[in-house]
Amino acid sequence: MPDETIMDGLFGLDGATWDMILAVITALIKAFVIVNGLLLAFAYMTLTERKVLGRMQARFGPNRVGPFGLLQPIADGIKLAFKEDVTPRQANFWVHMVAPMMALIPALIIFAVIPLGPEMRILGQPWTWYVAKINVGYLYATAIASVGVYGLVLAGWASNSKYALLGGLRASAQVISYELAQGLAAMTALVLAGSLNLYEIVNQQVSSGLPYALYLPFGLIAFVIYVVAGVAESNRAPFDMAEAEGELGAGFHTEYSGFKWSMFFMAEYVNMINISALATVLFLGGWWPIPTDAPGIIQGLGPIVFLIKIGAFMFMFIWLRATFPRLRFDRLMSLGWKVLLPIALVNLLLTSAVVALWPLGVWPFAQ
Amino acid sequence: MVVPRYERRETVAFVEVKSPPPPANALSGAVADVTALARGLGVTLGYMFQKPVTIQYPEERPRISARHRGRHELERHDNGLEKCVGCELCALACPSKAIFVEGAENPPDAPVSIGERYAKTYIVNMIRCIFCGFCVEACPTEALQLKKVFELADYTRESMIYSKETLLAPAPKREATDSWMPG
Ligand code: SF4
Ligand code: SF4
Numbered sequence: 001m002p003d004e005t006i007m008d009g010l011f012g013l014d015g016a017t018w019d020m021i022l023a024v025i026t027a028l029i030k031a032f033v034i035v036n037g038l039l040l041a042f043a044y045m046t047l048t049e050r051k052v053l054g055r056m057q058a059r060f061g062p063n064r065v066g067p068f069g070l071l072q073p074i075a076d077g078i079k080l081a082f083k084e085d086v087t088p089r090q091a092n093f094w095v096h097m098v099a100p101m102m103a104l105i106p107a108l109i110i111f112a113v114i115p116l117g118p119e120m121r122i123l124g125q126p127w128t129w130y131v132a133k134i135n136v137g138y139l140y141a142t143a144i145a146s147v148g149v150y151g152l153v154l155a156g157w158a159s160n161s162k163y164a165l166l167g168g169l170r171a172s173a174q175v176i177s178y179e180l181a182q183g184l185a186a187m188t189a190l191v192l193a194g195s196l197n198l199y200e201i202v203n204q205q206v207s208s209g210l211p212y213a214l215y216l217p218f219g220l221i222a223f224v225i226y227v228v229a230g231v232a233e234s235n236r237a238p239f240d241m242a243e244a245e246g247e248l249g250a251g252f253h254t255e256y257s258g259f260k261w262s263m264f265f266m267a268e269y270v271n272m273i274n275i276s277a278l279a280t281v282l283f284l285g286g287w288w289p290i291p292t293d294a295p296g297i298i299q300g301l302g303p304i305v306f307l308i309k310i311g312a313f314m315f316m317f318i319w320l321r322a323t324f325p326r327l328r329f330d331r332l333m334s335l336g337w338k339v340l341l342p343i344a345l346v347n348l349l350l351t352s353a354v355v356a357l358w359p360l361g362v363w364p365f366a367q
Numbered sequence: 001m002v003v004p005r006y007e008r009r010e011t012v013a014f015v016e017v018k019s020p021p022p023p024a025n026a027l028s029g030a031v032a033d034v035t036a037l038a039r040g041l042g043v044t045l046g047y048m049f050q051k052p053v054t055i056q057y058p059e060e061r062p063r064i065s066a067r068h069r070g071r072h073e074l075e076r077h078d079n080g081l082e083k084c085v086g087c088e089l090c091a092l093a094c095p096s097k098a099i100f101v102e103g104a105e106n107p108p109d110a111p112v113s114i115g116e117r118y119a120k121t122y123i124v125n126m127i128r129c130i131f132c133g134f135c136v137e138a139c140p141t142e143a144l145q146l147k148k149v150f151e152l153a154d155y156t157r158e159s160m161i162y163s164k165e166t167l168l169a170p171a172p173k174r175e176a177t178d179s180w181m182p183g
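So the sequences go chain by chain: D and U. For the first sequence, counting from 1, position 115 maps to 115 in our numbering; every step adds exactly one. For the second sequence, counting from 1, position 95 maps to 95 in our numbering; every step adds exactly one.
What the hints contain is simulated information worked out from the structure, not anything from laboratory work. Treat the hints with caution; some may be incorrect.
Stated by the list, open to error - Label pairs and their in silico Cβ distance ranges:
(1) U:A153 - D:F68: 25 to 31 Å
(2) U:F100 - D:P88: 48 to 54 Å
(3) D:P291 - U:L45: 29 to 35 Å
(4) D:A31 - U:G40: 36 to 42 Å
(5) D:V24 - U:A32: 53 to 59 Å
(6) D:G37 - U:G70: 48 to 54 Å
(7) U:G40 - D:N92: 39 to 45 Å
(8) D:D85 - U:A24: 56 to 62 Å
(9) D:P126 - U:G40: 44 to 50 Å
As the list claims (entries may be wrong) - For the chain D half of the interface with chain U, some residues (derived, Cβ under 8 Å), not all of them:
(10) M56
(11) Q57
(12) F60
(13) F324
Cβ coordinates follow ideal geometry from the N, Cα and C atoms, glycine included.
Using the sequences and the accompanying hints, generate a full structural model.
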């Protein structure tokens, strides 16, 4: 915040009011940068995905628009913007229109609580790499993520198409069942940190020098469950039952075209980024191994480390899609309910027991 | 010219696939499953570092087999006379009735072909042609050939009907001799 002696009394407002105004402006700018950054990341994620998928299938992927196909996302965007926006005649117009926004907006606002880097000072001014630091940060993220499912369900319902309806139903069933396993896996990290504040969680891992994924064996098990459930949460292959183009046309977005369709597309990719970011925060220690209280320049590496970890997750998403065929729906459900959920539950119980019974503050299996 | 040997295709045979024995217990089953998943991931990752097999078509030309059946061409003898004698056997052999030949007496003072007759009109409808090569097989004088040219797309139907002028091989540079017989 600026020097109070300069701002104090300006326009008849005292220093505290100025601090608030500036905080709001900073938050707005950060939000603007994050939303646009996410959408840019989405655009180039589609290109990366097509390129990597291509190489994994011994072909090139898009390489015609611009050098190495780098302008392909722009060409795609223009194409989508000019496509006809079709609403089926018997569809519920308003719900049909709102559903894509219901999917996209929650995906975009989750990132507000992700701490990309340690709190630091730039030119003597305090600077934070998040928009909001709320002490129930993880709850906020999961709550908002659950709202996103409504987008899928409503899209399926409003389209008045059997494929879309089936896709929407599958989406809701799948996301709700995998949320449980995912939540329990995340709880393991929360128990280890003793906090719901995402910044605190990262800080604990960095100061203990070990990300929770390396708290063997429980941390690792929770991490794997979290990632598997995360793939299912984001409706990605091999768990893309909601789209399942082989069986359902295009699933919940069968009846969407043009920009509404691309909003679903954006939501899917931004959700992937969110899940990667949350997994990084909960299990990979955020900006670990950069110490939180390092000198300024090194602290500045924190966000870079964080983004590299997100990138690794994104590559994993593509890699899984290139490798595995889609699961059958009943197998998907039984994997979620009969395998991941019990393991996550037992894992959480054992972790809690160890944390409660080991008063030394040192994880016994870590070293 | 060295004619490249045609690549032999492996015959597809039905191989008996032995399914792995059922796992002894749940744990070893899970281990086997995870190993299988990891092997799959290894395969895709391996492919990622291989050279793509795609041919970058307009810049990079595809390798065309020596016996490719592409665009028709009516050949000439070395002395410039046409090999086609207007016998219409190609038109008869064509399963899709793509060829129309109208033969005529070969004028002795200004011969067109080496035979008694020549093709006055010779039309191939490239929209109908299925490039089966029967016309080439039928031709008694080896006048008709299917060449390697494969870029045949055009904008109108009319332009797809190739006349004799289009199909004829270009005349050799030197003057045609008086002799009717090939040099
Ligand atoms: S290639 Fe076959 S279809 Fe084409 S003109 Fe010859 S005989 Fe007819
Ligand atoms: S191309 Fe051959 S088969 Fe056809 S008319 Fe001429 S000589 Fe006869």
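Going down the list of hints, with the structure as the test:
no.	hint	in the structure
1	U:A153 - D:F68: 25 to 31 Å	holds (28 Å)
2	U:F100 - D:P88: 48 to 54 Å	holds (51 Å)
3	D:P291 - U:L45: 29 to 35 Å	holds (33 Å)
4	D:A31 - U:G40: 36 to 42 Å	holds (41 Å)
5	D:V24 - U:A32: 53 to 59 Å	holds (57 Å)
6	D:G37 - U:G70: 48 to 54 Å	holds (52 Å)
7	U:G40 - D:N92: 39 to 45 Å	holds (42 Å)
8	D:D85 - U:A24: 56 to 62 Å	holds (58 Å)
9	D:P126 - U:G40: 44 to 50 Å	holds (48 Å)
10	M56	holds (4 Å)
11	Q57	holds (7 Å)
12	F60	holds (5 Å)
13	F324	holds (7 Å)
In this structure, none of the earlier numbered hints is contradicted; all agree with it.
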